[in-house]
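Quick note, the sequences are listed as chains A and B, same order.
Be aware that the first sequence starts at 1, since it is given in my numbering, and climbs by one per residue.
Be aware that the second sequence starts at 1, since it is given in my numbering, and climbs by one per residue.
Just so you know, the hints here were simulated from the structure itself, not pulled from any lab data.
Derived, one-sided and incomplete: chain A residues facing chain B with beta-carbon distance under 7 Å:
{"hint": "1", "residue": "31"}
{"hint": "2", "residue": "42"}
{"hint": "3", "residue": "43"}
{"hint": "4", "residue": "88"}
{"hint": "5", "residue": "97"}
{"hint": "6", "residue": "98"}
{"hint": "7", "residue": "102"}
{"hint": "8", "residue": "104"}
Just the calculated beta-carbon pair ranges, DEER-fashion:
{"hint": "9", "chain 1": "A", "residue 1": "45", "chain 2": "B", "residue 2": "56", "range": "13 to 23 Å"}
{"hint": "10", "chain 1": "A", "residue 1": "45", "chain 2": "B", "residue 2": "67", "range": "20 to 30 Å"}
{"hint": "11", "chain 1": "B", "residue 1": "14", "chain 2": "A", "residue 2": "14", "range": "43 to 53 Å"}
{"hint": "12", "chain 1": "A", "residue 1": "73", "chain 2": "B", "residue 2": "67", "range": "31 to 41 Å"}
{"hint": "13", "chain 1": "B", "residue 1": "41", "chain 2": "A", "residue 2": "110", "range": "18 to 28 Å"}
{"hint": "14", "chain 1": "A", "residue 1": "69", "chain 2": "B", "residue 2": "80", "range": "39 to 49 Å"}
{"hint": "15", "chain 1": "B", "residue 1": "83", "chain 2": "A", "residue 2": "41", "range": "17 to 27 Å"}
{"hint": "16", "chain 1": "B", "residue 1": "95", "chain 2": "A", "residue 2": "71", "range": "26 to 36 Å"}
{"hint": "17", "chain 1": "B", "residue 1": "38", "chain 2": "A", "residue 2": "82", "range": "24 to 34 Å"}
{"hint": "18", "chain 1": "A", "residue 1": "103", "chain 2": "B", "residue 2": "60", "range": "13 to 23 Å"}
{"hint": "19", "chain 1": "B", "residue 1": "17", "chain 2": "A", "residue 2": "80", "range": "42 to 52 Å"}
We put the CB at the ideal spot given by N, CA and C, even for glycine.
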Amino acid sequence: ELKVEQNPLFLSMQEGKNYTIYCNYSTTSDRLYWYRQDPGKSLESLFVLLSNGAVKQEGRLMASLDTKARLSTLHITAAVHDLSATYFCAVGGGSNYKLTFGKGTLLTVNP
Amino acid sequence: DAGVTQSPTHLIKTRGQQVTLRCSPKSGHDTVSWYQQALGQGPQFIFQYYEEEERQRGNFPDRFSGHQFPNYSSELNVNALLLGDSALYLCASSFGYGYTFGSGTRLTVV
Numbered sequence: 001e002l003k004v005e006q007n008p009l010f011l012s013m014q015e016g017k018n019y020t021i022y023c024n025y026s027t028t029s030d031r032l033y034w035y036r037q038d039p040g041k042s043l044e045s046l047f048v049l050l051s052n053g054a055v056k057q058e059g060r061l062m063a064s065l066d067t068k069a070r071l072s073t074l075h076i077t078a079a080v081h082d083l084s085a086t087y088f089c090a091v092g093g094g095s096n097y098k099l100t101f102g103k104g105t106l107l108t109v110n111p
Numbered sequence: 001d002a003g004v005t006q007s008p009t010h011l012i013k014t015r016g017q018q019v020t021l022r023c024s025p026k027s028g029h030d031t032v033s034w035y036q037q038a039l040g041q042g043p044q045f046i047f048q049y050y051e052e053e054e055r056q057r058g059n060f061p062d063r064f065s066g067h068q069f070p071n072y073s074s075e076l077n078v079n080a081l082l083l084g085d086s087a088l089y090l091c092a093s094s095f096g097y098g099y100t101f102g103s104g105t106r107l108t109v110v
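Chain A extracted, bound-state conformation (with noise of 0.2 Å):
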C-alpha cells in the first residue's frame, strides 16, 4: 500500500527566510501534486510533477522532484506571512486513479 510521508509536520519560520518540505513516498507513481489549504478551506493546487528531475516554480516556492528517491521538495525562498497555510503533497497516476495525500505540514511565517 502507498505510503506519502511529509515532514516536518509542523514548521514555524521567520519572514524573510528560507526553508524546505520534505514528501517522501513508499512505492513508484507518475504524478507528485502540491497543494495549499488555508483554515476551513479547501485546497488550491499549487504544482503537479509528473517526470524525473522537473522542477516548478511560482513566486516563492519551487518544487521539485526525484522519482528514483521517490522524494519530492517545496522549497520556500523568503518567507512571507502570507504564505501561511497547510501545505499537502499528494501522490497518483497509473493504475492507481486515486490521489494519497501526506499528513500536511502546518507553516506558520512569524513577522
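Got chain A sorted already, so can you dock chain B onto it with the hints?
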C-alpha cells in the same frame, strides 16, 4: 468558468440519520472523486466515478455510496451516520491528470 460546486456548505445531522452531498464538476471534467478530511488530517480517498460507474474505492464501509449522473455531477450518500463521520467532505473533478477541488461540505454528526 465555474469551478467545482458543492452543496450544502454546512450540515448538522444526528447519529443514525442519512445524508446526501452533491457535487457539480468543473466544465469539461468527466471524472469525480470524493475525499473525507478529518480535522488536522490529510484527505482520505472515498471513491471515484467515471462514466457513471464507481471506478475505484478506498477503505470506507458500504455505508458510503455514490452516484454519477449523465451530466457528470455526483452525489455522496452516507447511511447510519456515526459521530466519526464528522469531517470536511471534498469533491474533486478531473480530466486527465489535473484535479480541481470544491470548497467542501462540512458535516457535523451530533
